[in-house]
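> The task is simple: from the sequences and hints, build the whole structure.
Just so you know, the protein sequences line up as chains A, B, C and D, in that order. Quick note: the first sequence uses the working numbering, first residue 25, plus one each step. Quick note: the second sequence uses the working numbering, first residue 25, plus one each step. Quick note: the third sequence uses the working numbering, first residue 25, plus one each step. Quick note: the fourth sequence uses the working numbering, first residue 25, plus one each step.
Just so you know, these hints were derived from the structure itself, not from any lab. On a predicted model such as this, the values are computed, not experimentally measured, just so you know. Glycine included, C-beta positions come from ideal geometry on N, C-alpha and C. There may be inaccurate statements among the hints.
To be verified - One side of the interface only, derived from the structure: several residues of chain B facing chain D at Cβ under 7 Å:
| id | residue |
| --- | --- |
| 1 | Arg198 |
| 2 | Phe200 |
| 3 | Gly202 |
What the hints assert, rightly or not - As a list, the in silico SDA-like pairs of lysine to any residue whose alpha-carbon atoms are at most 20 Å apart:
| id | chain 1 | residue 1 | chain 2 | residue 2 |
| --- | --- | --- | --- | --- |
| 4 | B | Lys157 | A | Pro90 |
| 5 | C | Lys157 | D | Tyr95 |
| 6 | D | Lys157 | C | Lys153 |
| 7 | D | Lys239 | A | Cys290 |
| 8 | B | Lys42 | B | Asp137 |
| 9 | D | Lys153 | C | Leu131 |
| 10 | D | Lys157 | D | Leu29 |
| 11 | C | Lys239 | B | Ile219 |
| 12 | D | Lys32 | A | Glu34 |
| 13 | A | Lys32 | D | Thr204 |
| 14 | B | Lys32 | A | Tyr95 |
| 15 | B | Lys76 | B | Leu284 |
| 16 | C | Lys153 | D | Arg91 |
| 17 | B | Lys239 | C | Leu291 |
Chain by chain, the residues:
Number of protein chains: 4
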Amino acid sequence: MELKLISKKEDYSSRIIKIKNVIIGDGSLVVIAGPCAVETRDQIFKTAEFVKSQGASILRGGAFKPRTSPYSFQGLGEEGLKLLKEAGEAYQLPVISEVMDTREVSLLAEYADILQIGARNMQNYSLLKEVGKIKKPVMLKRGMAATLEDWLLAAEYIASEGNEDIILCERGIRTFEGYTRNTLDLSAVPLAKDISVLPVIVDPSHGTGLRQLIKPMSRAAIAAGADGLMIEVHPMPEGALSDGHQSLNFREFEDLMEQLTPIHQCLRK
Amino acid sequence: MELKLISKKEDYSSRIIKIKNVIIGDGSLVVIAGPCAVETRDQIFKTAEFVKSQGASILRGGAFKPRTSPYSFQGLGEEGLKLLKEAGEAYQLPVISEVMDTREVSLLAEYADILQIGARNMQNYSLLKEVGKIKKPVMLKRGMAATLEDWLLAAEYIASEGNEDIILCERGIRTFEGYTRNTLDLSAVPLAKDISVLPVIVDPSHGTGLRQLIKPMSRAAIAAGADGLMIEVHPMPEGALSDGHQSLNFREFEDLMEQLTPIHQCLRK
Amino acid sequence: MELKLISKKEDYSSRIIKIKNVIIGDGSLVVIAGPCAVETRDQIFKTAEFVKSQGASILRGGAFKPRTSPYSFQGLGEEGLKLLKEAGEAYQLPVISEVMDTREVSLLAEYADILQIGARNMQNYSLLKEVGKIKKPVMLKRGMAATLEDWLLAAEYIASEGNEDIILCERGIRTFEGYTRNTLDLSAVPLAKDISVLPVIVDPSHGTGLRQLIKPMSRAAIAAGADGLMIEVHPMPEGALSDGHQSLNFREFEDLMEQLTPIHQCLRK
Amino acid sequence: MELKLISKKEDYSSRIIKIKNVIIGDGSLVVIAGPCAVETRDQIFKTAEFVKSQGASILRGGAFKPRTSPYSFQGLGEEGLKLLKEAGEAYQLPVISEVMDTREVSLLAEYADILQIGARNMQNYSLLKEVGKIKKPVMLKRGMAATLEDWLLAAEYIASEGNEDIILCERGIRTFEGYTRNTLDLSAVPLAKDISVLPVIVDPSHGTGLRQLIKPMSRAAIAAGADGLMIEVHPMPEGALSDGHQSLNFREFEDLMEQLTPIHQCLRK
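So, in structure tokens, the structure goes:
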């Protein structure tokens, strides 16, 4: 694997990424939470307030949504970004949102603190190069059919343009198993951290697609060494415009968060 | 599967696509041939001349190459497009080349007769929408982890913007089998033609990654009902800047072409 | 791949297997047809008569069925074997049936002309060794997760016990694609024939699980170089005790057979 | 999924399995350790002594080995079983060993306290029925291409013959990712425990095939809710007759065990 910039160095140090007051990669546990898509001001503000109160440190919310069908809700676009940014500011939460088009990188960079490259665009090399030119951290989700090598080389694309603030995100791969939406490949967490300097976040919401698996797989991700989690939370999942079946409601998110800190502390001993 | 524009109609007719003097989807067999990447004037002209002489009807050649590593040859860019267009004109061959960036769609449309969306960008919905707005045919390769449904819905994205001249291209999916580069899924050919109105081309070069499989799998693709083939041909595969191991040299391509017409005619009876 | 007995020899010859008056591996096309499971005397006799009249040369019929659920029909056992043998004799068709247990190898060998090892038992090495000790041909189906190497090494197990009359059968592998029951991997046909001396049969019934794909994929299998086909045929598929959805009725089988010989002859030229 | 005997009951209780002084399924953490294959008296005794001293509670050791090639070491057979049993008795460790043949079930039951069905035989229904008739616990490994449903239905086969003392073992599935030997599917742990009454053990040795992943994936398995772990340990992995690359040496096993109890206790709070 021809990695130059993101490969593990001899001193075995890792890259530490700072986003406002949040630090990723220093051994702490970062929870990114929020709805799949920003839908209304009320929805994103309520969610921001609640996830902040439970200890989440970054707010997520999609404005440009990569949907399998052109007839599904495609996101609010720039209006969604504005609402996300306002909600983040109101509750002191840095925000992350997905960028899907090279022409929208500067727009996203105006509103979001972290730019997300989704699984479907992991090998959209034009987009990778474009986010490689900005000065904001990028979260690179693993593609559905991406090997570990493909994924790390995609990160290398970003780094090769000058931006080394890259956060990897394992979100499950496609396999023959249809019971879960994807097969969450937790082995990729210690492997990616071993081979590269980059922090690794796990997304059990997409990685399993089943609400009842979020808690055990969040625990497992932490135990595998993940630097953080990305969790879909919605005030009313059954009414969500996308991914409702894998989103937690507030009570479920509270229940999840109560478990995470003790486990993380226990593992750090 | 929520298909509106590309779904099979009651009369079971198919979409016929005309590119200059070439027709795809009318029951004839179309062979698209040429190098993985345009490398030099000499290389693309020689290849164009040869494939034309053997019965190929469209010339392929990459100018913007989606390479797994940022340190691999990335293509000649616009210079490659110019050479491709000139070679196509010199030998009366319409040309096809891949577009990877929404910002380059108009550039590609200037030079190429068909715009190719590669496997890695099959769910790059911004790009799909952008090529949906032009007036040239688009060839949509199947993504490495794309189900039949994902693939057809990606085509629907293009159609939903107004461009229904879409050619599907099966090029293999990722499976556990590592002997071949991908697993060529020929069942997708009759299925896609059954469910949609679109013609389907098969790419055995990427679909197998092994030169010795191009001939039998080309025959099989025709027998499965494919409307055409896309074959990588290079004057000197061992010296190619990309995909040399799966490219045919001129003698091998000649040998392949000799077999195809008789089989196709036999099947049409 | 450490093949000793079944690897291709320098003279590039292939193994020719004779079963009564049927020859497999000499370039002719062998069609094995019959129901998934033997259900009644009437069912197997009617099917035998019909498939014989259409040019099939071997009769299939399961007596011991490997069903995913213990509560599904498990086959008629020895009674099924008796009926199969009688039907085969009545219509001069050698018969093939699956063996699932080392203790039943001699029983099967008493009734069947070819013993089948199913996909689920491809790496049941005790069973492979046991059928390696008999004097009857063995058809080895590829396992659902078996690489080409695993499959050929499983054949080598049989050969290593003395029985080199082995017929390989490609029947699809498990992938993320759920539209078809399995993904029929036709590249495995030329590859297995290239690496080993063994003939290769294709089973499009299990390989696709969809009745409408049997015809195109049978054509494709022949074009890829298969030595034969195995097709599930039932007098009344909608009433079959197993695999009805992928079985052809008599009219469909007749329709299929009409296409095969011309294609095969065309390809041999 | 048509489960009758092993499905979760209304009271949400789980099956608790007792093997001599060891209990699986009551919330405690059981570690099964030992070499892939029994090789010599010295090897198995030394390993038994060491793993016992570190807190393992069951000794593993293969006597009949399912090897991909017929030319690989096939195990010591009954002699291996004798040595395993003696070592287990010497150190008060119940022992587990794999059975591959219906004819050997009674032999195995004579020596082993738990009979293991390997991944390759998960759908060897004759074998499942045979171990369903004995009075000893059975550990059923998940097949390489087995869905959750296939796996649980295979367990139902055993139960349907009268033996409900079944332990499930997740050991990785086959995917396109070749960096690891298999893809360890930890989501299957909470799912299988949710749907069925059976305890679930995780085998990170086969599940990853990489020594450096055993520790993080053992931690993750516990965090996902596994009832235990199965770990390959060898006095000198580099000299092992099978699976040396994924076996831990004594120092590595000691290091692993030191981490497990604190994590397990922390999670139980």
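> Could you run down the list of hints and mark each one as holding or not?
Consistency of the hints with the structure:
| no. | hint | in the structure |
| --- | --- | --- |
| 1 | Arg198 | 4 Å, holds |
| 2 | Phe200 | 4 Å, holds |
| 3 | Gly202 | 6 Å, holds |
| 4 | Lys157/B / Pro90/A | 18 Å, holds |
| 5 | Lys157/C / Tyr95/D | 17 Å, holds |
| 6 | Lys157/D / Lys153/C | 25 Å, violated |
| 7 | Lys239/D / Cys290/A | 15 Å, holds |
| 8 | Lys42/B / Asp137/B | 10 Å, holds |
| 9 | Lys153/D / Leu131/C | 19 Å, holds |
| 10 | Lys157/D / Leu29/D | 15 Å, holds |
| 11 | Lys239/C / Ile219/B | 16 Å, holds |
| 12 | Lys32/D / Glu34/A | 50 Å, violated |
| 13 | Lys32/A / Thr204/D | 19 Å, holds |
| 14 | Lys32/B / Tyr95/A | 18 Å, holds |
| 15 | Lys76/B / Leu284/B | 15 Å, holds |
| 16 | Lys153/C / Arg91/D | 12 Å, holds |
| 17 | Lys239/B / Leu291/C | 12 Å, holds |
Hints 6 and 12 from the list above are not met by this structure, while the remaining hints are.
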